[in-house]
Structures are given as structure tokens and as C-alpha cells.
Amino acid sequence: MSKDTYKIEMRDVKKSFGEKKVLDGINIKIKKGESLVIIGGSGSGKSVTLKSILGLVEPDSGSILIDNVETVGANQKNREEFMAQFGMLFQGGALFDSLKIWENIAFGLIHSKKMDRGQAHDIALEKLKQVGLSPQVGNYYPAELSGGMQKRVSLARAIATAPEIIFFDEPTTGLDPIMADVINHLIVDCVKDLGATALSITHDMASARTIADDIAMIYEGKIIWDGPVGDLDDSGNAYVDQFIHGRATGPIAKHAGFAA
Amino acid sequence: MSDITTEQSQNQKKQAGIRLPCIFLLTFQAVGSSIIGFLQTIGRISAFTGRAIKHCFAPPFYPRLILKQFMEIGYYSLPVVGLTTLFTGMVLALQSYTGFTRFNAEGAIAGVVALSVTRELAPVLAGLMVAGRVGASIAAEIGTMRVTEQIDALRTLSVNPFKYLIAPRVIAGTLMLPILVLIGDIIGIYGGYVVSIYDLGFSSGSYITQSWDTLQRMDVLSGLYKAAVFGFIVTVMGCYHGFNSGRGAQGVGMATTYAVVSASILILIFNFVLTQVFFS
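Protein chains in written order, with our numbering: chain A, 37 to 296; chain B, 860 to 1139.
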């Protein structure tokens, strides 16, 4: 496979916060239209990996390429151009409290794509319908919605600008299993409809198996295994085995110092 | 026995000799790190202020948000500023009367009230009241947005948070505070007038004439210039502390406190500096 087919590529990305080494040489390659899920425990570097690609965290070293264009050290203008092709579903929804639901969804269309408010309103209601919510919800404020509904709205906002790359940060955290499954299937449908490339981080294995084409496991700032989702159960990696089965004992427990 | 005591005494002296430089070093270290920390904070605030000013003048602008902040900072602060200046003018008239009757100088009360309110009391008190009301609110709102990743969300939607969050507030604060102070000047002078006429028995006509004769254009303008600077300080401090808020409820609470305290102190410092510039 030649490198020019990769939509996102991370090469030996390192990041430390003070003494703490969070990313210790991350290497990731995602092809156009593929969905990669990064799994890993809390504090393993998943969120920092995602934020590095989004430009919210500046790596100490290494290279991050979008369509073979370097993004590390990009100026404000170029960064905004990269951002224009991104969509992001935040763990907590990150909906703007002071705006109505339809304004939240239409935010990128109005401010980034400079679309007329009326036209953006219509698209926002369409997206609401796409994520299974009625148009009436558009006039509510985020605080008036349940956690599951907020996640759906956040998904609608992430897809509203028809992005080429969508990031999902713990999309099912805090949801009941049924709502989590609904969100997972919505994510799959929306990504397929747009033909987008997706990068998700989660420690919910049911979610990972539903969303992913490929899975990578991050541990202590390094990718220790990656492969197709079908190979996950036969990874031959003790760390992956322990993580996907949620066992308290194993190499991860030993390293973390809480082995029984 | 005597030898042992001498040895112990010598050891104690040696230890004290070692401890003394250690205490000095630790003291210097503590003072040094405090100074470095203070200078770093000044540097960060200066860089933030520079970025804020740059984004106030560079497009894109968000007129809808600027108008909203005009309402939040200007219109909704009017009752607080109005009441503060009203009672300050009334108290000033009463206190001046008490003092001036000792020197048979009651006639100067109108001028003293007008000058004190326009030059100092209205801008400083309005600045401090707006720091409490608006500075705290800005820091809490932006701090909560930071904690709940709404600022990150803005960036992922290709919107610069400095343009969307900071610039409208700074523009509104700098433009609205002079208007508030101008209204506060009128209300404050009216407060002094009410007390002087209805409580102290002054003649309405002579009070107004005295006030008018004493006041010069520069007295009012200096207060308005000060107000613009104070409005800028309040909004920049609120935005800076909110934008750099720590995680969790405690982080937002701290940001709110720092915003009000730093803005209040800076208002008092800049009031002195500006008074020197205008009147010395």
C-alpha cells in the first residue's frame, strides 16, 4: 500500500506534560473511508492522541499528516483549513449552553461555511431527523435534554458540515446499554452516508466492535497492537486479551501495581 | 563531663552555622521563585491582552455577539451603577456639609459633589461594581466553557475563540463603561442635589448654577476615559482568568475570584496613574 492513500498518518509522535510522558512514539495510519478505533485504559494517551491530530495539543516531536500534508506547526490559517474538514463528537457533548439546539448544529455551517441562517436552520433540522430527534427539539436549549439526546445532537453537529474526517471521543460514555447501541449504529450509518474517515477512542468494547474496521490498542503512550476488528480476539497479545476481557489480573495490572 | 558539654556545645554551634546559610538560601529561593512566577504571570497576561486587542480590530467580527454583550455589560449593569452613584452622591453631600459648616464654606458643596463624582467616584465605583458583576460572570462562563470542552469545540468548528468569545466582550466593556459612567455622573450629582435641597435646605437654582460653573469639560471627559480603561481591564481580566481556568468546579471558582480581585486592584492602580496623567 503506498503512503499517498492514507487520510491520516501519525509518525513517531511524542508528547510529555512536565515529567509525564503521555505519547511515546505513536504511529497510526488510516486509509480514506476507514474507521479506526483506538482502545486503551484511562490515562493511556487516547485523548491526547486525538487532540494532537485536531491541533488542540501541540506534539513535542513527530509528524501528523492529513492527506499527506504536515499539520504540526501549521499556522492559524492552514489550521483552520484542516479544521474545516473535521467533525468532532466530544465525550461530554460540548454543546454551547447559550445557543438553541438548532443553532448548535448549524454553528459550523453559519460561522465556518458562511451559510445563510435560514438555510442552515433547515439543514440542522434535517440532521436532527437523521439522528432520530424531532424538529421541535431544535428550539430547546442543551440543558433541557437528556444525556442520550445531547449525544445525538452532538453527533448531528459533528456531521452537519459533511466533514471528510470525523473524530469520536468516548461516544458512549455515560449512556445506558440500549442508548449506547443506538449511538453506535447512528455513528456507523452517518460515517457510511458521508463516506468519511473516522477515528474513535473508547474503552467500551461493544462500541469498538460495532464502529471499527480496524482497532489499535494504546498502552503507556505506544500502540502495542493494531489490526482488523475481526482479529481482535486472536491478537496473541496478552495486554489486548486482558483489556478486551476486562480482567483485573494480567500484565496491565502488574505494570499499574494493582495486581492481586 | 565538662568535655562532653563543650563538645555538645561545639556541635550545636556547627549545626547552627550550617542551618543559617540554609535558611537564607531557602528564603532567597522562595522570594526568587515568587518573583519569577509573578513576572511569568505578567508576561502571560500581556500576551493575552495583545492577542485580545489584535482580534478586536481584525475581521471577522460578530456584531450579534457584540450587541448581546452591550446588553449584558451595559444595560444590565445600569441598576447597580445607578444605585451606587446615587447613594454616593447623597452621602458625599451630607459629609461635605458636616465638614464645610465648620469653615462656613457650605457654598462649595455643589462643586465638590460634582467634581468628586465626575472625576473619581463614578468611574472608580462603577468600575469596581462592574468588576464584581460582569468580571465574575465572564470568568465563570468562559471557565465553564473551558472545563466542558466548549472552547475546544469552537476550534474544531473552525471558529477562533478569541474572536468569538474574547473580542465581543472586550469591545462591549470598553465602549459601555463610559456610557454607564456618564449616566452615573448625572445620577450621582442628582443624589447630591436631592440631599442638599430637601434635607439641607439649599436653593435649587444656586445649587445647579454652582455645579454647572464648577464643572469643566475635562472633569467629565477624564472620568469617561478612565471608565473606558476600567471597562477594558474588567473584561480582559475576566476573559483571561476564565480562558485559563483550572479543571473542575474549584478551578472555575478560583478563576472567578482572581478575575474580580485582579480587576479591582488594577482599577485602583490605573486610577492613580490616569489621575497623574490628567491632572498633575
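What the hints contain is simulated information worked out from the structure, not anything from laboratory work.
None of these values were measured; they are calculated from a predicted model.
Even for Gly, the Cβ is constructed at its ideal location relative to N, Cα and C.
Don't take each hint at face value.
To be verified - Below, simulated EDC-like cross-link-like pairs (lysine to aspartate or glutamate); rule was C-alpha separation at most 20 Å, straight line:
#1 Lys113(A) - Glu94(A)
#2 Lys113(A) - Asp1072(B)
#3 Lys1022(B) - Glu45(A)
#4 Lys165(A) - Glu116(A)
Claimed, not checked - Example chain B residues on the side facing chain A (calculated, C-beta under 8 Å, incomplete):
#5 Leu953
#6 Thr957
#7 Thr1015
- Item | Earlier hints that do not hold, by number | Of the numbered hints, 2, 3, 4, 5, 6 do not hold.
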